[in-house]
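S.K.: Our numbering applies: residue 431 is where the sequence shown begins, and numbers increase by one.
Simulated from the structure, these hints should not be mistaken for lab results.
Yeah, the Cβ is synthetic: ideal placement off N, Cα and C, and Gly gets one too.
Hints should not be assumed to be uniformly reliable.
[Stated by the list, open to error] Label pairs and their calculated CB-CB ranges:
#1 Asp543 with Asp453: 32 to 40 angstroms
#2 Gly563 with Ala503: 13 to 21 angstroms
#3 Glu549 with Glu508: 16 to 24 angstroms
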Amino acid sequence: MTDFKKVTDTVSVSPQISKADIDKAAEAGVALIINNRPDGEEGGQPKNADLAAYAAEKDIKWASIPVVGGQLAFESIEMMAMALKDADGPVLAFCRSGTRSCTLWSLAQALTDSMPTPEIVEHAANAGYDVSGMVPTLDHLRQIQHG
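Given only the sequences and the hints, what does the whole structure look like? Please build it.
M.R.: What follows is the structure, given as structure tokens:
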């Protein structure tokens with residue numbers, strides 16, 4: 431089973447999940463799973479639709495916000511921010527390694543001004559991800575909110 435890395439009390443990220451991981455997420459009370467991985471990124475990868483259907487059987491909501499590595503669009507950050515805002519309980523976001531999901535979480539926090547930049551960096555680091563190189567981008571996104 432995949433290791434879920436806790437970013438905050440309500441958000442965890444992980445590498446690629448399986449149906450067994452969805453079972454584990456259901457047991458942990460996860461209300462929403464966010465898939466940040468496009469279908470077909472690598473051979474043998476479970477299809478988004480199959481995992482989403484299985485999550486629905488477990489009463490877990492599903493969001494697909496696929497991001498191709500290195501091609502992060504502003505729209506994806508907005509979609510992540512909306513999904514996190516609308517979640518009615520704990521969230522698990524996943525991609526190939528967990529890095530894209532943590533990066534998207536970080537950018538969404540800055541865009542919505544939900545958390546100061548140093549806290550975003552600290553939470554990501556505590557989960558095992560270094561987003562310190564994104565500080566200028568995080569600060570810029572925060573400024574967008576304050577016009």
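S.K.: With reference to the structure, classify each hint as holding or not holding.
M.R.: Taking the hints in turn, this is what the structure says about them:
no.	hint	verdict
1	Asp543 with Asp453: 32 to 40 angstroms	holds, 35 angstroms
2	Gly563 with Ala503: 13 to 21 angstroms	holds, 19 angstroms
3	Glu549 with Glu508: 16 to 24 angstroms	holds, 21 angstroms
Every hint from the earlier list agrees with this structure, and none is contradicted.
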